[in-house]
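On the provided structure of chain L, position chain Z as indicated by the hints.
Protein chains: 2
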Amino acid sequence: MPNSTARYQSGDPQYLEKRFASRAAGMQASEIRSLFAVASRPEIVSLAGGMPNLSALPMEMMASVLNELILTNGAEALQYGSGQGHPKLREQICEVMALEGIRANPDDVIVTTGSQQALDLISRIFIDPGDVVVVEAPSYVGALGTFRQYEAQVVHVELDSQGLVPEALRQAISSVRATGHKIKFLYLIPNYQNPTGVLLPADRRTEILEICREEQIFVVEDNPYGLLGFDRPSPNAMRAEDTENVIYLGSFSKTIAAGLRVGWALVPPSLKEKLVVASESSILCPSNFTQLTISSYLADQPWRNQIASFCELYKVRRDAMLESLEEFFPPAAVWTRPGGGFYVWVNLPPEIDTKLMMPKAIVAKVAYVPGTAFYADGFGSWAMRLSYCHPTPERIREGVKALSGVVKEEMSRRSSAFELPK
Amino acid sequence: MPNSTARYQSGDPQYLEKRFASRAAGMQASEIRSLFAVASRPEIVSLAGGMPNLSALPMEMMASVLNELILTNGAEALQYGSGQGHPKLREQICEVMALEGIRANPDDVIVTTGSQQALDLISRIFIDPGDVVVVEAPSYVGALGTFRQYEAQVVHVELDSQGLVPEALRQAISSVRATGHKIKFLYLIPNYQNPTGVLLPADRRTEILEICREEQIFVVEDNPYGLLGFDRPSPNAMRAEDTENVIYLGSFSKTIAAGLRVGWALVPPSLKEKLVVASESSILCPSNFTQLTISSYLADQPWRNQIASFCELYKVRRDAMLESLEEFFPPAAVWTRPGGGFYVWVNLPPEIDTKLMMPKAIVAKVAYVPGTAFYADGFGSWAMRLSYCHPTPERIREGVKALSGVVKEEMSRRSSAFELPK
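Line by line, the protein sequences are chains L and Z.
So the first sequence is numbered by our numbering: it starts at -2 and just counts up by one.
So the second sequence is numbered by our numbering: it starts at -2 and just counts up by one.
This is chain L alone, in the form it adopts within the complex (with noise of 0.2 Å):
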């Protein structure tokens, strides 16, 4: 090998570094990713994590849907497809949004590798840096980082246990826009939110959409939990009221299976080909794989019991978690009690961090995620988000109870702190 290799780069570690665009600067891992790695060791309770509980999915049932694809169709489903996504499963798509009181059409959708991906080409396609984005707060981590990649400024906006607080939405507007901003769209989980679990009731849904209109900024309605509400079927979809003013997210990650990695947008028409050309651009095309994969599925297999089958697996965890809670918290903390979803936001007193706290927490073999992650400014420190999706209920129970005496003791530590010495 030429000496000159050695030569100039054992002289400047940092030379792809210093190559960078001025947009990887936003590139920081989150502060959730070092923890995930901590809380999937085996004994530690994880109420961190948003991953879906596959034990309802009958494997079996999966691998006859996979033969049977593989046997009839492998020379389709194994081969590059159209960058829009596969149009079988494009109209299988615009049936499961129905069930929301959507009415679509196929060619307005585009199939994307999770719903992430759709959350990344709209922030292509309209961010321009310092343009601002507004979103609830707390909002979805992974839409932060998005954001954050495009280099937009986050403006969050109260939300309280209806969802997002309308008069707040208006007053945010009119804020930013007095320093001159330009507000590119609001972002929005009006179904079992994330971090949070509340639910967006009707009358507001219809009040935020007015709001936007007037204001004419439009919205992006993500929807991964809509259907898995244990009680009721949550109210229609944002989209359904408004079909030229929302940009409709979806995903199977909740309702099928995460490992597929399958998402899609509903778009106004107008939209569409920038976003298939983005998409393009990104990965040329979804993997016909595991559209195939799940329009197989949805065709053959009884899919409404399979949901309704994990909501009950939910909803029994959603109980463990609110009883435990209530049976082991201080009483100076409050939380919130999702109508479905995977997810408890936890407010505590304002003195706890509760990243600081973390590590009496992985000591204590319980693991949960600090609201600070949920937030682009840092607010949210003694705030924290308990999923219940993936353990088992009594692992539920030990986790909130070994975390309420980490909560317990660091209440007593801070207030003694306060106290003068004798």
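Errors might be hidden in some of the hints.
Note that identical chains are pooled: a pair holds if it fits in a single copy or bridges any two copies.
When the alpha-carbon atoms are kept at most 25 Å apart in a straight line, the in silico PhoX-like pairs for lysine-lysine are as follows [to be verified]:
#: 1; residue 1: Lys312; residue 2: Lys357
#: 2; residue 1: Lys269; residue 2: Lys312
#: 3; residue 1: Lys85; residue 2: Lys398
#: 4; residue 1: Lys15; residue 2: Lys179
#: 5; residue 1: Lys15; residue 2: Lys269
#: 6; residue 1: Lys269; residue 2: Lys362
#: 7; residue 1: Lys398; residue 2: Lys352
#: 8; residue 1: Lys352; residue 2: Lys405
#: 9; residue 1: Lys179; residue 2: Lys405
#: 10; residue 1: Lys405; residue 2: Lys362
#: 11; residue 1: Lys15; residue 2: Lys405
#: 12; residue 1: Lys85; residue 2: Lys312
#: 13; residue 1: Lys312; residue 2: Lys398
Honestly, the hints are just simulated from the structure, not real lab data.
Below, chain Z alone, put in the same frame as chain L:
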């Protein structure tokens, strides 16, 4: 539905377009996309697409691999996975790369949704608007599309029958630098290049690596066809010779199945974290399901023999194409003679415009890709790419014969147009 929807939207059909980011201007459908819709009709002999030929892949074997995977490891295969890609597959990828002389650490491999995603992520990390990317003339249409989306300026450097011309690279670098622009990297496909089919010999690889080190320009080596040499193995990968200044992109699309969308990047350690963070923002994680399908296949099936079968299948088709070009094409046409891969590049006399000629070819029931698709600057109007990978040898002969008729007629029409009227 409130009236306001109809009011403001119908008043401004360009509502969304007006909110696009500036980079959206570069998101234009490539000229070959609309073509593919026509070329895929069964009556057309398509020499246009680069779709791998799956007729050599035993579907019973794939079905059995999948059955075993789901029944023994379904809960992992259908779950979210790591952003960097599955550790076992990353080890196996290192074994595959060893065939081309690469010694690599699985820690430095990032699995992507096809190598297209790796191209997208590298562009995202490195390209600021206006930066220069140096590529072969002509180059892969999908890479050009990605570079355009990140607002790069693409500079093409001469390629001859032995690949990129080192002296032309030196000159291009010095010309670009004289204009004050920053060169971010050299992108090239050393093995059976897309679209020309040419192979870069070992001595030029070394010379190009030396130039790039001297000039402090890193190399993106895209290698989807490296294992598809028909007569002899390809020279060692450029990455085998230079571990620090080369980012290597690989893919299973041409050696196993494109529909799985599994590719990878092998990067210098200093780049890994940024690439993983960028990928998580783009797709959260690659599909465990498709990764483990490939991993099981590599572990349990004779994959080297399978690649040998693919080579045999493509070699027969390459021979059919070269023989029929020799037999039917006019003496004024010249073409490359690939030793592997999927493509032949044909130069016609300069008065021919292959884009304008396309409708006539379609009438004659044959399709190809016009040369301009492979240049960022409109060059290549008298060239075309012919793919031999997919049709049968008989259909290839039929297609080349039909195309030769179209070319001859176009040549005689063009030359008579320059004659004076009698």
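Okay, the hints, checked on the actual structure:
Taking the shortest Cα distances, Lys312 and Lys357 never come within 25 Å of each other, neither inside one copy (29 Å) nor across copies (63 Å). Taking the shortest alpha-carbon separations for Lys269 and Lys312, neither the intra-copy value of 37 Å nor the inter-copy value of 40 Å comes in at or below 25 Å. Taking identical chains as interchangeable, the C-alpha atoms of Lys85 and Lys398 are never at most 25 Å apart, the minima being 48 Å within one chain and 36 Å between chains. With identical chains, the CA atoms of Lys15 and Lys179 are at most 25 Å apart between copies only, with a shortest distance of 12 Å across copies and 31 Å within one.
Taking CA atoms no more than 25 Å apart as the test, Lys15 paired with Lys269 passes between copies only; the shortest distance there is 15 Å, against 36 Å inside one copy. Neither within a single protomer nor between protomers do Lys269 and Lys362 lie at most 25 Å apart by alpha-carbon distance, with minima of 47 Å and 30 Å respectively. Taking CA atoms no more than 25 Å apart as the test, Lys398 paired with Lys352 passes inside one copy only; the shortest distance there is 19 Å, against 70 Å between copies. For the homomeric pair Lys352 and Lys405, the shortest alpha-carbon distance inside one copy (16 Å) is at most 25 Å, but the shortest distance between copies (74 Å) is not.
For the homomeric pair Lys179 and Lys405, neither the shortest alpha-carbon distance inside one copy (44 Å) nor that between copies (57 Å) is at most 25 Å. In this assembly of identical chains, the alpha carbons of Lys405 and Lys362 lie at most 25 Å apart only when taken from the same copy (16 Å versus 77 Å across copies). Taking identical chains as interchangeable, the C-alpha atoms of Lys15 and Lys405 are never at most 25 Å apart, the minima being 47 Å within one chain and 53 Å between chains. In this homomeric assembly, Lys85 and Lys312 never come within 25 Å of each other (Cα to Cα): the closest approach is 32 Å inside a single copy and 35 Å across copies.
Taking CA atoms no more than 25 Å apart as the test, Lys312 paired with Lys398 passes inside one copy only; the shortest distance there is 19 Å, against 66 Å between copies.
Of the numbered hints given earlier, the model fails hints 1, 2, 3, 6, 9, 11, 12; all others are met.
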